[in-house]
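Residue numbers (my numbering), protein chains in the order written: chain U, 271 to 620; chain E, 271 to 620; chain B, 271 to 620; chain V, 271 to 620.
It cannot be assumed that every hint is accurate.
One copy or two, either will do: identical chains are not told apart, so a pair holds if it fits within one copy or between any two.
[To be verified] Cross-link-like lysine-lysine pairs, in silico, DSSO-like; alpha carbons within 30 angstroms at most: (1) 444 with 413; (2) 369 with 413; (3) 586 with 436; (4) 444 with 617; (5) 369 with 436.
It should be emphasised that the hints constitute simulated quantities derived from the structure, not laboratory data.
As the structure is a computational prediction, the values presented were derived from the model and not from experiment.
4 protein chains.
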Amino acid sequence: MPGNTLGTMFRVTTWGESHGPALGVVVDGCPPGLALSAEDIDDELAWRRARDTRVSTSRREPDRVEIISGVFEGLTTGTPISLVIYNRDVDSSAYDDLKNLFRPGHADYTYLHKYGIRDRRGGGRASGRETVARVAAGAVAKKVLDQHGITVLAYTLALGGIRAEKMDFEEIYKNPLFCPDPDAIPRIIQRLQEVKESGDSVGGIVEIRARGCPAGLGEPVFAKLDAMLAAGLMGIGAVKGVEIGSGFAASDMLGSEHNDGLGPSGFLSNNSGGILGGISNGDEIVARVVVKPIPSIEKEQQTVTENGTPTTLSVKGRHDVSAIPRIVPVCTAMVRLVLADMLLQQKAIE
Amino acid sequence: MPGNTLGTMFRVTTWGESHGPALGVVVDGCPPGLALSAEDIDDELAWRRARDTRVSTSRREPDRVEIISGVFEGLTTGTPISLVIYNRDVDSSAYDDLKNLFRPGHADYTYLHKYGIRDRRGGGRASGRETVARVAAGAVAKKVLDQHGITVLAYTLALGGIRAEKMDFEEIYKNPLFCPDPDAIPRIIQRLQEVKESGDSVGGIVEIRARGCPAGLGEPVFAKLDAMLAAGLMGIGAVKGVEIGSGFAASDMLGSEHNDGLGPSGFLSNNSGGILGGISNGDEIVARVVVKPIPSIEKEQQTVTENGTPTTLSVKGRHDVSAIPRIVPVCTAMVRLVLADMLLQQKAIE
Amino acid sequence: MPGNTLGTMFRVTTWGESHGPALGVVVDGCPPGLALSAEDIDDELAWRRARDTRVSTSRREPDRVEIISGVFEGLTTGTPISLVIYNRDVDSSAYDDLKNLFRPGHADYTYLHKYGIRDRRGGGRASGRETVARVAAGAVAKKVLDQHGITVLAYTLALGGIRAEKMDFEEIYKNPLFCPDPDAIPRIIQRLQEVKESGDSVGGIVEIRARGCPAGLGEPVFAKLDAMLAAGLMGIGAVKGVEIGSGFAASDMLGSEHNDGLGPSGFLSNNSGGILGGISNGDEIVARVVVKPIPSIEKEQQTVTENGTPTTLSVKGRHDVSAIPRIVPVCTAMVRLVLADMLLQQKAIE
Amino acid sequence: MPGNTLGTMFRVTTWGESHGPALGVVVDGCPPGLALSAEDIDDELAWRRARDTRVSTSRREPDRVEIISGVFEGLTTGTPISLVIYNRDVDSSAYDDLKNLFRPGHADYTYLHKYGIRDRRGGGRASGRETVARVAAGAVAKKVLDQHGITVLAYTLALGGIRAEKMDFEEIYKNPLFCPDPDAIPRIIQRLQEVKESGDSVGGIVEIRARGCPAGLGEPVFAKLDAMLAAGLMGIGAVKGVEIGSGFAASDMLGSEHNDGLGPSGFLSNNSGGILGGISNGDEIVARVVVKPIPSIEKEQQTVTENGTPTTLSVKGRHDVSAIPRIVPVCTAMVRLVLADMLLQQKAIE
């Protein structure tokens, strides 16, 4: 099954390349009768755009969606919703110098080996730009979740080696880093500027929380809720790891510490991250993903050309210092997509 | 899509409960003409069984598979391969006391909320026993990988807070812990015994390596190789996190450190874990999973009954101190299943 | 996707060969809490067995199912239901003479060309015996449909050139031909006996009606209800055609004749066969399938061996004169499977 | 699984409504390196457009496709191919009078019952206009088939009660009816004009032949080649029946007549229609579909409004007398889509 479709009952199929005329997504299986406007989607896309010139030098895309099908008189009809976002600020000239070599950390090498051909302009399909379609689809999934009182919140937990300690969720959407700790923000920004000046890039961690999720979502044994979240989140370009609840810390814990006891009003702790046996337990769902440093850096790197000749590479062009914070709304979108799908699947057996 | 099927072209569907008459799996899509015997599968199942009474008090199952279809005169025919493993050493009496309460850390609560009914005997479908079917299927996948020179190796990287430092891969199958570091083994066993005596359990980390994988496997953008590995591995009962290559360490790395440069003879490092843009790059594939402490412990825990009355629970019965090492062959199996599926999918476009 | 799985939310995966130890099916996605016993399934299997020695000389199989998973204390649990039917009356010796030649009208030639290998015993996977697993799964689907008041009825509409004219549905299960016209039965039996004596076989038509189906089932545009019924029914071995409602007669009709007008109490006719735009309209669903003559005949036929040498074939052994009436319960089962799946899918968006 | 996706390895997802801004399709899984231009697709779309004013009064759409992704420098890249066809000649005013009533023979009633809402303009998603996306996708599938020397030909076998007797395949693309019998054409046109004048419509039969198909395509037991063709063809709006090879005529045949014997150079006849046991046998694949009369007729029909009030309907507007010949290229497209998918699937096990 070619890999551009996600979900069973709430299904999204994305398409488009970084430097093609447009990117888009078909959302199939959205329940009928939901109010949906281009503005609803544009609002989500806005969060994904670069927002602080101190940390981002990326291309400027207005990112306005067109809803071409599946909505009639402002309501979803149950038929496929086709969303298109046109690329406006495309400049492929920067890639001319790169067209015959493999950029380290990028998918140039693997796309060529898989397909025998590759779209060199801006990474083609492997570009982070592809995630604009996911965020658009996530905005539709949000409508489904809204109906059931489920909300998803993602934020920067660590960036450039600096970790948010204070968890002030009100703060998240007020700063360009989606960081819940106001004290950490100036330190992170300073760190990002230093790294930028040194021609390098940094990684970080995003945390995602879903609230209001009823107990019962997830399809054991292979389509467990945590398995589907892992696939969804690991499927984001720069992500190298996913953990749920206690995550890797569980390695050093005892069963008596890790088990979440139960009392009359519910679970007494949440090391499970809201998922037991692959099924939501009604508690908050907590996931974290690690984001690798952006591979496009100005610092010189060793590489080879397509015919194997050694060379060096210093990427100029328009690049962020980190995929965070841009990736934060993408994480939100992926969790929304998975939850919407699981929610509709659960309805089938109820 | 109910969740008991994994894969697109190499598809496995598992069934069975811990205390039912049998567990099994249907493997659909296995290429024809491969030599396959019950012994081939039994050999893999043997690795999964408890092997050291110092660390395991689990039930004793001979675990002999019956191949009921799909093989004719010793060769696979291309039709579905049905494998059945009968349960022999079933003793449900230990569960009589537990039948109306929710065991912390187990799926009792979530299965009841999802389905409105649950098989209380030994965790039913949510039992670790279910993985016997995965390992059986993995033995079939191994036949497919063998043809292409791909091998998968999993081992204990950390257990009970003690980490293997030396990587002597020859050692792995010689000790009951699947641990590559001979010096760590006695320390781990001592730690496990202490924990066992205190009525508790421990977590750990399993590392998996796949060698010989050609560049080009993985189906962007949602069915990326790393995304499918994440789903497969996170779908194992006790796993709370999955990472590829550098994994969570990438959070604190610079791009210039993380990027794997290229030379004429290939990649100069392997922070990517053998996967770029969701596609294998021909290098070794490296993944790690964290395994939570086994939830069944003798230490008293707080919980409630099905009708909400607070109570306490001390699990006696037959339980391991850790899901490791038993889970090691399961990790091997899951990686084999994913790779076999991706390999067949790639053939479609070549 | 290997082809042994049917359905999205109510999914069945069958396995097994004619002369292997057993055949079976995994039913995944059955809603929990339904009463299900082996007897429920055996009752359906009994209808499928040969019932009249005047028209059938087939092997005698007791066909008792074993439910190996998914049912606890008599109720479905929501986990996969594994059903196994052991073969008892296997006699492969009759196939020794046939093992190197292609039987006309059978799948010998195509299985060998597809897989490069074939199980020659009794047609292997391509045998009509495979349908026992479908009927078993259909008995589970029946439980789902029962809950919604949907019933499926199939019967012999034509056999050996003789067509049922009277539609007495009470009669169907009272005669060995599943024929609704008592007057046609003796004529059909006489015809079958003649054909049998001449060493030949005959075709016929089965009609299927589903009642109580709510309006709204079917997933346009590719998974329309009629498209899924067509796939399910055409996927039965001997079927060469499927029609819905007016079917091929529509070729010679005018729009003013064919359109089903509407009145205050519903549709005024049913040329649509209960399906409009691929979605059930609440009226009776009517489908017909044509069944080709059984290819195993005593009359001498021209064929070649696997290495291309011309030869002739006269099939002795145990064979029916027609796939009808045995195929009637298989048609029932396939329609039940499709309707159960569509019903669960529809619940997801309601 | 919402129904707008077809295929496993060659997957198409269509979207769009009759009177929306555009219709389109995402083709996922197309092998890389195939030359593909908008002209290739437009050529196929041209066949689908109305071509003879004597038999058609339909809207005029230029039907030019835009390839928005998946093609780089004229070659497919292996990434999803997004195709969009904008609607130009949309006039919804004719539907204002119809918006609260159910048009007999149309999907108005069922869409409203399924989704609780419907796009009334021109039938919305249920319009024949939707097939433009299928034909566009079929043009991509053609590229895959071309590589393997497989050709698909569809033509009008019967229309308005007049059957083509002579099979001159050179003739098909030379006349506006896609009819292989030059003698039948004037009689059919006369019949269509008569029917048109009487405010009525007619049905017919389309025959499809695929040549050059290797033995081995099709995935038993549920995804048989004939089952998938049946689903694909029955999933076209006006189709009420599908038959393969002998089809419904098999009902009255003897086994000795129906069986295709084999000689040293292949099959001696083709009653099987090129498919045995659900797998292609290397012979020509032959399928037929029956097309119901177009439901929109000027003749007065009885119906009800959405709130159940009886009324009558006489459809004026722009409508053809028959879905044939327009549906002929759609049948071609569906068979191409199925064959391309089966071809890629077969490669996975070879």
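Here is what the structure says about each hint:
no., hint, verdict
1, 444 with 413, "within (23 angstroms within a copy, 52 angstroms between copies)"
2, 369 with 413, "between (41 angstroms within a copy, 27 angstroms between copies)"
3, 586 with 436, "neither (36 angstroms within a copy, 41 angstroms between copies)"
4, 444 with 617, "neither (36 angstroms within a copy, 40 angstroms between copies)"
5, 369 with 436, "neither (45 angstroms within a copy, 42 angstroms between copies)"
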